[in-house]
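S.K.: Residue numbers for the sequence shown, in the numbering used here: 1 to 559.
Hints should not be assumed to be uniformly reliable.
[To be verified] Below, computed lysine-lysine pairings styled on DSS-like, alpha-carbon distance capped at 30 angstroms: (1) K400 to K369; (2) K460 to K380; (3) K522 to K480.
[Claimed, not checked] Across the chosen pairs, the derived CB separations fall in these ranges: (4) L348 to V546: 43 to 49 angstroms; (5) T130 to R23: 31 to 37 angstroms; (6) F321 to E511: 28 to 34 angstroms; (7) T9 to G351: 20 to 26 angstroms; (8) D270 to D191: 49 to 55 angstroms; (9) N413 to T513: 14 to 20 angstroms; (10) D429 to D313: 45 to 51 angstroms; (11) N184 to D463: 32 to 38 angstroms; (12) K559 to N413: 49 to 55 angstroms; (13) A117 to F321: 26 to 32 angstroms; (14) L275 to D313: 32 to 38 angstroms; (15) G351 to N431: 46 to 52 angstroms.
Simulated from the structure, these hints should not be mistaken for lab results.
Idealized CB from N, CA, C, for every residue including glycine.
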Amino acid sequence: MSKMQQIKTVKEFSTYAAAQFLRTAVFIDDKIYNPKTKAVEPEKPQITSRKSATKSANYGSNAQLLVTPEESNDTQDFPSQLLVNSFAKKQIVCSLYQPGKGESFSNESPVYELSLASDIVIVDWDLGGTPGEKALKLIYSLVHQSIETKPEQLRLILVYTSENNLEDIASKVFDKLTSASQENIEPQTEDEGLSMHSSNSRVVVLGKPECHRIEKYKTHEVHQNDLAQRSIEEFGRLASGLLQGAVLLGLAKVRENNRKILRKFDESIDAAFLLHRAMSLPHEEAFEHIHPLLVGELQSILQDCLPGQIITDALVSDWSFNKWRPNNTGLDLLPPETNANEFIKKFLLFGPDLGLHMSQVPFSIAKQKGDKWVWNFDKKKIDKLASIMFQEDERLSNHKLAMLMSNRTAYGNKKYLTFGTIIREKDIDTNQYLLCILPVCDTVRLEKMRRFIFCTLEIKNPDNGINNENFIVEDNNEIKGLFCSSKPYDCITLEFEPHLEEKRILAENDEFTCNSNGKNYKWITQLKPDHAQRAAEDFSSKLSRVGLTESEWLRLMSK
1 MSKMQQIKTV KEFSTYAAAQ FLRTAVFIDD KIYNPKTKAV EPEKPQITSR
51 KSATKSANYG SNAQLLVTPE ESNDTQDFPS QLLVNSFAKK QIVCSLYQPG
101 KGESFSNESP VYELSLASDI VIVDWDLGGT PGEKALKLIY SLVHQSIETK
151 PEQLRLILVY TSENNLEDIA SKVFDKLTSA SQENIEPQTE DEGLSMHSSN
201 SRVVVLGKPE CHRIEKYKTH EVHQNDLAQR SIEEFGRLAS GLLQGAVLLG
251 LAKVRENNRK ILRKFDESID AAFLLHRAMS LPHEEAFEHI HPLLVGELQS
301 ILQDCLPGQI ITDALVSDWS FNKWRPNNTG LDLLPPETNA NEFIKKFLLF
351 GPDLGLHMSQ VPFSIAKQKG DKWVWNFDKK KIDKLASIMF QEDERLSNHK
401 LAMLMSNRTA YGNKKYLTFG TIIREKDIDT NQYLLCILPV CDTVRLEKMR
451 RFIFCTLEIK NPDNGINNEN FIVEDNNEIK GLFCSSKPYD CITLEFEPHL
501 EEKRILAEND EFTCNSNGKN YKWITQLKPD HAQRAAEDFS SKLSRVGLTE
551 SEWLRLMSK
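With the hints as extra help, turn the sequences into a complete structure.
M.R.: Take a look at the structure:
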């Protein structure tokens, strides 16, 4: 049985995915190296004396060592080496960094740059000077960097301290993070307030075990030998979603196979590729073919190396009982005495066949057709089901998933007008958006102004008779459903001038200036190619309709 098959809970899945993904950590302390030998400083045994219960035979000596010879040998280990070894066993490279006396912790400092490159940052609270002063500065910079500069990056920060009052440290960290931030920083009540989340970072206060703390903080005491495993578990809590776990496993598989990808593109095919490029000029730039080649290899890795069913039935069952919580509105829609968690579990596991496992199917979302069960959905029933599934706005989660499936994520700063781009007029409050359906090959290598063709998109509005939506976009932090009109008489053409060097229509501050009417158009999103192609196919099919002179009787009979 594989490791994946042994995982039964969402928590175990998140921890396993984190363990496969994490590969870098940094430990920051100002007492790692011996100042004289420059070697890693060994931990010194704590020698404690006490008065003897009986008079010592040796007059003048009335103390005994509490450390036995065996204990003394044990304490001669190098604690930093133990830390590195514990991470090494998890296949995580842990760097040791001792900042110099008076070293800066600014955004240009070496310790900051090293921390940026690490998945896990462990910082000692008592770095030289005032306790917490430098640690707080580093924590603040890292958390806000992940929010403001690289919002895609997840980061775990562990504050490791010998202080007794962990709650006081957590309060100081929380106050620092919330002092100048628009981000919602939330303390986690289940951790006694010793951990906190932003959207991309998790900060946890952990204590060194040699101190005397009150009982409720004992679970936050971690020996250096166990710090690697605890780090993995804490990162798993940062990325605790089912889809997040699946993505972490996918990224880990890509990294495992990176050498194989590089071998596929070795220098032996450089000459062939350059010949291919030369023969493609001037009509096509073959350097753009590198992108689909790489995408194809990455897709092959994910399809071949990830298990077919990453999210197992056991995980769905655990999610139904331990992650999902019913809301009062949804409970009112279920038949009396129906266990909401049990219903959700059967609904998610069996689909329409839940009718085989329930005596009464709520609001007839499934019906029996012959010897099979099929869905019996309409929009009202879908809304009722959403009311049961979601705690907050029942459409928000669906909208986010819909955008993830159909809209391309913009990872760079450059925005182009091309096939599948959605825009709207910038300076007016309009219900109309535009979808570019000009083929990609006609949007590149432009030497002069080019006329673009657009399908019109209208915001879903039942008051205006627009009850359907084909695309979901986010505009000015507001989610909007758009209906695409594929009728040729609704299409619009606009002319734009290409960027001199890019030879494409490049947005400036996310805006395109139209040469036809002088108006500015705001870039909204870029559809994924397949979704844009579907809209274009629908438009072209209506454009190619044939009008005939035919018998009306025969036309009606053919329907």
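S.K.: All hints are to be evaluated individually against the structure, with a verdict given for each.
M.R.: Hints and how they fare:
{"no.": "1", "hint": "K400 to K369", "verdict": "violated, 33 angstroms"}
{"no.": "2", "hint": "K460 to K380", "verdict": "holds, 16 angstroms"}
{"no.": "3", "hint": "K522 to K480", "verdict": "holds, 15 angstroms"}
{"no.": "4", "hint": "L348 to V546: 43 to 49 angstroms", "verdict": "holds, 47 angstroms"}
{"no.": "5", "hint": "T130 to R23: 31 to 37 angstroms", "verdict": "holds, 34 angstroms"}
{"no.": "6", "hint": "F321 to E511: 28 to 34 angstroms", "verdict": "violated, 49 angstroms"}
{"no.": "7", "hint": "T9 to G351: 20 to 26 angstroms", "verdict": "holds, 23 angstroms"}
{"no.": "8", "hint": "D270 to D191: 49 to 55 angstroms", "verdict": "holds, 53 angstroms"}
{"no.": "9", "hint": "N413 to T513: 14 to 20 angstroms", "verdict": "holds, 18 angstroms"}
{"no.": "10", "hint": "D429 to D313: 45 to 51 angstroms", "verdict": "holds, 48 angstroms"}
{"no.": "11", "hint": "N184 to D463: 32 to 38 angstroms", "verdict": "holds, 34 angstroms"}
{"no.": "12", "hint": "K559 to N413: 49 to 55 angstroms", "verdict": "holds, 52 angstroms"}
{"no.": "13", "hint": "A117 to F321: 26 to 32 angstroms", "verdict": "violated, 39 angstroms"}
{"no.": "14", "hint": "L275 to D313: 32 to 38 angstroms", "verdict": "violated, 52 angstroms"}
{"no.": "15", "hint": "G351 to N431: 46 to 52 angstroms", "verdict": "violated, 37 angstroms"}
Comparing the model with each earlier hint shows violations of hints 1, 6, 13, 14 and 15; every other hint is respected.
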